[in-house]
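**Student:** Residues per chain, in single letters:
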Amino acid sequence: MRKALLFVFLLGCALAHAQSLKKKGGLKSKATKQDIFLQKQWWLGFKAGVNLSEAVPVQRYTVLTPTNYPGTQADKAYDGFRKTGSQATLEITFQYKNFSFSTQPTYRQSRFTYSNQFQWTSTNDANASLDQQYDFEQKVNYADLPLIIKYEIGSNTVRPYVQVGIFYSLLIDARQTVRISGTDKASGGTNPYSSEPVIVGTKDLFANYWGLMAGGGVSYHLGNVKLVLDVSYHKGMSNIANTKNRFSNDRLSGIGDVQDDLKLNNVVISAGVLFPMRFLNSNFKSIDR
Amino acid sequence: MNRQLLLVALSAFAWSCSNKSDPAADKANFTRIYDNNKFEASYFPIDITQTPDGGYLMLGGRRLDNSNFSGVYLMKVDELGAFVSEKEVDSNNIDPIGPILTANGKYYFFCMSSVALQSQLIEMDANGEITQTINVGGTYPAAAAADNGSFLLLSYDNVNKQSVISLVSPSGSVSGSKGFSIGQGDAVEAPIINHFIRNGRQFPFQVGKALSGQYFFNGFFNYTFSLVFTDLTSAAPLGVVQGQQAEGGLSQVLPLTGTTYATARFSFGDNYFIPAAALNSSGISSSVDLGGNSFPELTANAPVKILVTTINAREIILYGSNTHSKQIALYGYNKTSGEFLGSKYIGFSNPFEIAGMATTADGGLAVCGTTYVAGRFPRICLFKFSREELGKVFK
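Residue numbers (numbering that gives the first Met the number 0), protein chains in the order written: chain U, 0 to 288; chain A, 0 to 394.
Any given hint could turn out to be false.
Cβ-to-Cβ under 8 Å is the rule here; a few derived chain U residues that face chain A [claimed, not checked]:
#1 Gln-131
#2 Tyr-133
#3 Leu-228
#4 Gly-253
Reference listing, derived: stretches of chain U covered by chain A, where coverage requires no fewer than 3 residues with Cβ under 8 Å from a Cβ of chain A [to be verified]:
#5 119-130
#6 142-153
#7 213-219
To be clear, the hints were calculated from the coordinates, so they are not data collected in a lab. A quick note: this is a predicted structure, and the numbers were derived from the prediction, not measured. All C-beta atoms, glycine included, are put in the ideal place defined by N, C-alpha and C.
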């Protein structure tokens, strides 16, 4: 049985190798200078897509500080991967055989939300209370500067690939929207209420950060261009909060909000098109190499 | 060698990007609102002081269910502003007054007994634990100040209708005292009593010592809210800076040099700051004649706090007060030239009112006040600003 399996495996490898050689011009051809030249390629292209964000608190901070109830009740509750952001990417890739080395400067807007809720209850009437909820939506805009290594699997028209990389994100802008709502059960009935959203510029509250990324995708060679669809997970490795300016925004502090120390993770989904930068002519297709 | 250099460079890069939590920054700047989830709870601060452990001790008041007077509330927080402990002092002692006084490493404040309405001196430690309560005598304590290891106390004698200034030791013994008539009739007494039961205007009662060695108090004298100078011996005041009955007078005074004071005045609801006012400590003068910079943004007859601190290697007079937009406003003046250096507004969304300011060991500033959480629950708030932050505002 083992011998039979080994025979099948070796036969499969031989067939795959033969197919590969056939694509390169026949079993008898040898690697020439031209072949080596053709194994290299530069790609330039654009991608765009959506991202989902997760803010992970590393150290919590609070303005509203409980004196007669547990401090954890003042902690913010973060919603993970709820809000869709978007990004646009310029991709510059050098490919050598199945390996690619890529930088993909990206303008990215990520959104994440968190909330906290407080309740004040009458000691004289247990039914009399005020519930107030603070909902925060944070938009952060970053310029991502990644360095990525890709490995393409196979050499067919449709090629899956895997990629890993490191990135540094430069803060461009940030803005926060605060919505306050609640239910008043202490004024003679049950009265839900809400306020107009307050929008506050929060660039000073955030900082640049770095992270690691891993993911995969698939490329489809269409004529001389390559269509790509990739999904990657970006894991923030450093704090995105500006520790020195944490309480500097009087408007947010007055409302009762302060940034925790956060790490930002993203699931990034992009689609785009890449153009080869070498040996473009009507008789040759980039996939022919 | 190249690999080692690369590792060092990568490590430096990662470290530079780390933006880790910064405990020093966390202590230097913070905002806290101390919340209690009881619907009926109501707290307001009166004064704040920094304790040797870097934390803060706050003296405050609280609403009592069965009295028009306010109860005594003490709170201790750590150097990050995190809540440590609180004490609702029993309602036998009411109407605490600031500032928090220090002598012999202990902390003191005055309040009033609930039945006899007599002045009480409370001794406590740096954690706000009360260690002694001493009956000082006299009624209706209104203001206090430190004086070379002793305390000055301004009180109101409702029997003889007098503003009384006393020199009190930390053991509670009174070594000197002098009373000055507020005038006859109930009409002149009514605003004073309303002040104590917090059912009317809060008057800026104050007591202190001038650089000349004379004592002064800011209170009612001869039907008028006035700044009165005394040597605690002479029956008549040495000098009086008169206000306009209860509608005008000085909001706060701080001796600077000689007869020069940093002061603020109120007049029929308007507010004026005079960073360098020459106050006449002999004879009679009028606060109206002091003029000053008008501040229409401040609430009518706004409370004013003044202190001198050093920012950017310059001595600066800081004024704190309340604005119509329900914020706390800080204004800075150069102590030497009187030049206006800048302003800072604190608070948003909910109303904020100033109670006290204190310089901190790191050269920063602590400001405590009252805010109304959810627009309705009076709670204590604390703002801490670093020296650098103040330096950016008061250039």
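**Student:** Which of the listed hints are broken here?
**Tutor:** Hint check: 2, 3, 6, 7 fail, others pass.
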